[in-house]
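There are 2 protein chains.
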Amino acid sequence: MRVEPGFLLADADPDATPGYAGRKRDAVGALAEGAEVLATLQEKFFADSTVGGTRSVLLVLQAMDTAGKGGIVKHVVGAVDPGGVHLHAFKAPTEEELAHDFLWRVHREVPRAGQIGVFDRSHYEDVLIGSVRKLAPDDVIAQRFHDIVAFEEELVANGTVIVKVMLHISSDEQKERLAARLERPDKHWKYNPGDVTERLLWNDYQAAYQRVFDETSTTDAPWYVVPANRKWYARLAVQHLLIDALQSIDPQWPKPEYDVEHEKARLAAS
Amino acid sequence: MRVEPGFLLADADPDATPGYAGRKRDAVGALAEGAEVLATLQEKFFADSTVGGTRSVLLVLQAMDTAGKGGIVKHVVGAVDPGGVHLHAFKAPTEEELAHDFLWRVHREVPRAGQIGVFDRSHYEDVLIGSVRKLAPDDVIAQRFHDIVAFEEELVANGTVIVKVMLHISSDEQKERLAARLERPDKHWKYNPGDVTERLLWNDYQAAYQRVFDETSTTDAPWYVVPANRKWYARLAVQHLLIDALQSIDPQWPKPEYDVEHEKARLAAS
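Residue numbers (numbering that gives the first Met the number 0), protein chains in the order written: chain A, 0 to 269; chain B, 0 to 269.
No lab work stands behind these hints, which were simulated from the structure alone. Positions of the beta carbon are idealized from the N, C-alpha and C atoms, including for glycine. Errors might be hidden in some of the hints.
So the derived label-pair ranges between C-beta atoms look like this [stated by the list, open to error]:
id, chain 1, residue 1, chain 2, residue 2, range
1, B, ALA29, A, GLU95, 44 to 50 Å
2, A, TYR19, B, ASP185, 29 to 35 Å
3, A, ARG210, B, ALA179, 51 to 57 Å
4, A, ALA31, B, PRO221, 47 to 53 Å
5, A, THR39, B, ALA88, 16 to 22 Å
6, B, ASP185, A, THR196, 48 to 54 Å
Isolated chain A, as found in the complex (with noise of 0.2 Å):
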């Protein structure tokens, strides 16, 4: 699931389920355990960043339409805690933004210490959509992914762990998941037009992808592709990643900076 060097997207099986043995049914218990264990890591680590712990966690998530991005949002990040989670979706750039390079409106959403950081896309729109659409010049993609290399190295340096995913699923999945759409009233406005136009350069994305995994999977920042056909599969993956992040950390509970018997008998005189 790690991209490795040699790693291949066409050779990725979206329908597999990496290191999880159980099935469906057991997939909700399996997830609102891991919500606990996350609740837990994320409270002690915003706790650490309130006595002057520097690190922060950013997910990054990127995927065709209908992968589930959404659902790992609501799912995996909501099962946290709102107060430690900053959460951002970039959409087309507005004027504002296109007037500066494409890495400022990005920088500005990165997490504060103690926080996760969520990104429901990203800057690899820059050199996804902006290669497949041929938004930009060559030279000038060669040149963002030089960039976003060094970016992200420095938000690595001061201490973020940063976590990528690109949610993998089949061209067929994604047909059955926009036909559901079509279907029912009450998804009609998850539905665009735009979503079908897209969806007819898919092996260009697909190959789009493939050369962000090449150049962008670093040590420090790598890429995980996560099979989504199953979306309670992508969710328990994407949660264990987070957890991990967490793990690595080693948050623990602060030592308090004042005398606790002290302010035992201040309270019990107040």
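With chain A held as given, fit chain B onto it using these hints.
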């Protein structure tokens, strides 16, 4: 619970559970049921904003320390899709914030259309701690009350439903909760010696809240005093205030702005 003319905070019972006949053991189920209702309403509300809906909701949370703001954020707001929430915790103002008018940093954080904004503390600190600690002279405080009413009036005119909540605990309950924080190493980080210092000014703060209600509980942006000695009750009550706010907007699933049958054909051919 809604602050009407003549309301006296001193007469409000922090142990009460107005409007709820159940007991603590029923409350967990009731909160989970409410979360489903809230989640569906929120999704419709968000969906509507993608086709031009202009309404927003702003929940303002104020309280004495330990009253349970954090629990409301975690358990009530936390049950809503994070993508539809904009949460901001106001801390002591920074140097840059102090170099602006007191509403500058507040205005930047108001929710956009389709969002539920949540203020964990707010512009009301500027008239609460502001007057108790005499951080500003009386005429400035009076001017701020005037400014707050005008500011909220503008937001309401623009389509924001403002729900202002004061979580109301008793002084004895606060003492118990602070003592509990001093007993548990995993809660030590939540305790601050300054909490007792503020506690010694309990009556001044209660009087300051009374003035807030007198001056700013308007028809368009009323205050709700939520009894909060029982955390389970306060969570249910605030959840229902949010549900009421969204129901007053009565969002509907958007009608598709595309031809569904035509899109089905395009998708099938893709």
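Task: Unsatisfied constraints (hint numbers, rising) - done: 4
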